[in-house]
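Student: One letter stands for each residue in the lines below.
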Amino acid sequence: ELKVEQNPLFLSMQEGKNYTIYCNYSTTSDRLYWYRQDPGKSLESLFVLLSNGAVKQEGRLMASLDTKARLSTLHITAAVHDLSATYFCAVSNFGNEKLTFGTGTRLTIIP
Amino acid sequence: NAGVMQNPRHLVRRRGQEARLRCSPMKGHSHVYWYRQLPEEGLKFMVYLQKENIIDESGMPKERFSAEFPKEGPSILRIQQVVRGDSAAYFCASSPFPVASTNEKLFFGSGTQLSVL
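Chains as they are written, first to last, in this note's numbering: chain A, 1 to 111; chain B, 112 to 228.
Don't read these hints as lab results, they were simulated from the structure.
The structure presented is a predicted model; accordingly, all values stated were derived computationally and were not measured.
Every residue gets a Cβ at the ideal spot worked out from N, C-alpha and C, and that includes glycine.
A couple of the hints might just be wrong.
Computed, partial: chain B to chain A, Cβ under 8 Å [claimed, not checked]:
#, residue
1, Pro150
2, Leu154
3, Val210
4, Ala211
Calculated cross-link-like contacts (lysine to any residue; reagent style SDA-like; alpha-carbon spacing at most 20 Å) [what the hints assert, rightly or not]:
#, chain 1, residue 1, chain 2, residue 2
5, A, Lys68, A, Lys41
6, A, Lys41, B, Gly127
7, A, Lys41, B, Ser198
A partial selection of chain A residues facing chain B, derived with a Cβ cut-off under 7 Å [claimed, not checked]:
#, residue
8, Gly16
9, Val48
10, Gly59
11, Asn96
Whole structure, please, built from the sequences with the hints as guidance.
Tutor: Take a look at the structure:
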């Protein structure tokens, strides 16, 4: 059974600082997703990573994938308050439509 | 192009009643996915449907839960004889093609918060 773990679960950081959220998964997978969720809202797709070594960047967020280590990272650069949200990674197995989500990382940016 | 529309946003039911959750996918999307989110947890897959067909219902409880996606109209997730443990946020997502084979991403609706009293 595919398991997805994120850490940390909670993260408070000051504006302007850098930090990284980690996503480990238990079996081989062909794709990894990062989503953002604001309280009471839906999930917003941030990145889809499809191959080993894939790196994608959007604004202050950068995601990377190491399929050998079964690890993805979401790096936040010079955090701003607007980035406060819960971030989820999700993984799917080859040919399987089902996404398995991590438990999420609740990120709070402190002014 | 409107996003994935779910209604109602909030639904309150007493134990033993039925809950019907509706999802209208984005225009042109014929693939619908339902996920459930318990408080402080990630989303859990329930069911994947294409028009008029259930493709994968491996995440659906065997009893009381059913889903459909008719040729016309929204997808419906139906929960019969609700219990307190059914209280959760239910999210629907859609895509134009199967995500596993086409590298498509999922577009999520705003969810229905079901509260069972």
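Student: Determine for every hint whether it applies to the structure shown.
Tutor: For each hint, the structure was consulted:
Interface hint status for B/Pro150: violated, as the beta-carbon distance to the closest one in chain A is roughly 11 Å, over 8 Å. Look at B/Leu154: its Cβ gets to within about 5 Å of chain A, closer than 8 Å, so that hint holds up. Annotation: interface hint on B/Val210 holds; nearest CB of chain A at approximately 6 Å, less than 8 Å. Interface hint status for B/Ala211: upheld, as the beta-carbon distance to the closest one in chain A is roughly 5 Å, under 8 Å.
Straight-line distance between C-alpha atoms of A/Lys68 and A/Lys41 comes to about 34 Å, which puts the hinted pair past the 20 Å bound. Under the criterion of a C-alpha separation no larger than 20 Å, the hint pairing A/Lys41 with B/Gly127 is inconsistent with the structure, at around 28 Å. In summary, the hint linking A/Lys41 to B/Ser198 is supported, as the alpha carbons are separated by about 17 Å, within the 20 Å threshold. The restraint placing A/Gly16 at the interface with chain B is violated, with a minimum CB-CB distance near 28 Å, outside the 7 Å limit.
Checking A/Val48 against chain B by beta carbon gives a least distance of about 5 Å; that is within 7 Å, so the hint holds. Interface hint status for A/Gly59: violated, as the beta-carbon distance to the closest one in chain B is roughly 18 Å, over 7 Å. Interface restraint check: A/Asn96 against chain B, minimum CB-CB distance 6 Å, threshold 7 Å, status holds.
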